[in-house]
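Here the protein sequences come in this chain order: A and B.
Position one of the first sequence corresponds to residue 1 (the working numbering), numbered consecutively onward.
Position one of the second sequence corresponds to residue 1 (the working numbering), numbered consecutively onward.
Keep in mind that the hints are not guaranteed to be accurate.
Computed cross-link-like contacts, DSSO-like style, restricted to lysine-lysine with a CA-CA straight-line distance of at most 30 angstroms [what the hints assert, rightly or not]:
#1 A:LYS170 / B:LYS132
#2 B:LYS183 / A:LYS176
#3 B:LYS183 / B:LYS210
#4 B:LYS210 / B:LYS132
#5 B:LYS183 / B:LYS132
#6 B:LYS183 / A:LYS67
#7 A:LYS170 / B:LYS183
#8 A:LYS176 / B:LYS132
What the hints contain is simulated information worked out from the structure, not anything from laboratory work.
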Amino acid sequence: MEKKRTSPLAFIDRLPNPGLFRMGALITLAVVLLVVVGLVWMPYEPTAMSPDRMQGISAAHLLGTDKMGRDILSRVMYGSRVTLMVALGTMAIGAGLGVLIGAFAGFYGGVLDEIVMRVMDGLFAFPNVLLALVFVSIFGSSTTHVMWALGIAFIPSFTRVVRSEYVRIKHLDYVKNARLQGASNARVIFVHMLPNVRGVLLSNLMIGFNNAVLAEAGLSFLGIGSQPPFASLGQMISEAQEIFFTVPSAVLGPGIVIVLMVLGFSLMGEGLRPATKGLD
Amino acid sequence: MAAAMTTAPLGEPILEIRDLHLEFHDHDRPEVAVADFDLTLHRGEIVGIVGESGSGKSMTAHAIAGLLSRHALERSGQILFDGHDLLHCDRSTLRHYQGDEISIIFQEPMTSLDPLQRIGMQVEEALRIHHKELSAGERRAAALSAMDAVGLPDPQQVYGMFPHELSGGMRQRVMIAAATISKPQILIADEPTTALDVTIQAQIIALLRKINAEDGTAIIFISHDLSLVRQLCHRVVVMRQGEIVETGTADEVFENPQHSYTRMLIDAIPKVVL
Ligand SMILES: Nc1ncnc2c1ncn2[C@@H]1O[C@H](COP(=O)(O)OP(=O)(O)OP(=O)(O)O)[C@@H](O)[C@H]1O
Ligand SMILES: [Mg+2]
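Build out the structure end to end from the sequences listed, making use of the hints.
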């Protein structure tokens, strides 16, 4: 007997706050659309200069042009792609390694746990920007290196939540039960326990993504990371500061996309969070 | 009722516990949880372990099932099964038997199932671990028949459900189906009915008796409830502060308790139930 088919989106209605989640998802979708469209079509080459410098908004240039006459909309589309890739890459590295380390530390406990968590504390205390600077000065400035630097800086936050979840659930009966059926440690850790920490993991991913977007923007504003003429959003804002009053869209365009990215994920994260905030 | 079936069909010994001693060292003073514990379990036998709270029943069960934590616990003695000492063997040897030859069910059916995994998956787990040669279809068939055997209504449907969709009694049946799917030689039941109401209790007891009779599974039944122990078990072990104070066939122990502690436990049984 088959269970009746449910829409793949039905899970949203069971979330603590489906309304917020929907709104966040819509905003995120809009940003993703901008990036996806940019992959196949942009109004102009994002690096192509033209004599039409610092133009305001017009039919030919929907967001105007910057001080080298490059089309801002095209650059925003391209920059969003860079920023999104860096944020996703950062999450992949930070969450991937963080979850792995946290799971093992929490599951095995003991000395291993102690050592790992002290290292994480050290890493956590190290400012992200400083770490990125060190990284970039050793390996050279590129988006990939920024991604790794941020990714590594993000490991401790994931390690912490995942570890504490593992410590919490490893004594629960169903985990004991899995072990008593002869499951290997790896099977217990990944098949039985990991799905049960997905809640905290998911909301942490949302927060982490935001932090990654902002950190990348901050770093490229400081000139660390992607190199001109291939700009990320943060770098566009940095370059456009001096023409803000002539062509406000040069700052507002990339600025709004950053805000939307962050807002979208924040709202989705809020939608996932049970409404227990005022209780504790 | 109380159809005491106390004729023990003594098979050959399958599990021998010799001089089991467990001592915690995680506080200032060492705490003895189990001391001088000897027990021989025969094929097809149901042995009850009774005793007040903290008398070491669960610790003994955990030792047999291989659930003792590695930290801060001193252990000595032997738990012999199939030529291995389960108390001191390495984890992979232990894993080889866990879930396949020795299974355990706990008191709390509400928390013993993984909330995010479908029932069918959980019932099949032991096969997935120990019988990799089976195909997915064969596993499913085995799960359905195990679920049918424990009296779950409509196994086909329950197979795809999640734990929160089931009642406590049904979950305990699921636990038993999962614990018996690979036809273990030994089933340890640590207060399996404490969390259930009386009617369901009786059904679970009947089910354990059926598993014992049909598959020859030896059962170690741990309970506070002496009337249940009397109904179900062939032999009884009475524990107090980690030690055995009395052991014998259920009839002997209940009709003619030798130790004052046993007499006290028996006197504490509400007479209405007996
Ligand atoms: N981690 C621990 N550290 C110290 N002592 C412990 C620990 N765990 C259990 N004990 C002790 O071991 C003894 C036996 O406990 P056990 O759980 O086996 O009792 P029990 O007979 O199953 O009781 P109940 O009927 O309440 O389930 C108890 O005295 C308990 O205090
Ligand atoms: Mg107990």
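inquiry  = With the threshold set at 30 angstroms, check whether the alpha-carbon distance from LYS183 of chain B to LYS210 of chain B stays at or below it.
reply    = 13 angstroms, holds
task = Could you grab the alpha-carbon distance between LYS170 of chain A and LYS183 of chain B and see if it respects the 30 angstroms cut-off?
result = 27 angstroms, holds
inquiry  = Check the hint pairing LYS210 of chain B with LYS132 of chain B against an upper bound of 30 angstroms on the C-alpha distance.
reply    = 28 angstroms, holds
Hint consistency between LYS176 of chain A and LYS132 of chain B [alpha-carbon to alpha-carbon, up to 30 angstroms] = The hint holds at about 22 angstroms.
message = Check whether the Cα positions of LYS183 of chain B and LYS176 of chain A lie no farther apart than 30 angstroms.
response = 20 angstroms, holds
ask   = Given the hinted pair LYS183 of chain B and LYS67 of chain A, is their alpha-carbon gap at most 30 angstroms?
value = 78 angstroms, violated
query = Is the hinted pair LYS170 of chain A and LYS132 of chain B satisfied, with a Cα-Cα distance of at most 30 angstroms?
reply = 25 angstroms, holds
message = Run the distance test for LYS183 of chain B versus LYS132 of chain B: straight-line Cα separation, threshold 30 angstroms.
response = Given that 30 angstroms is the threshold and the Cα spacing comes to 16 angstroms, the pair holds.
Checked against the numbered hints above, the structure violates only hint 6.
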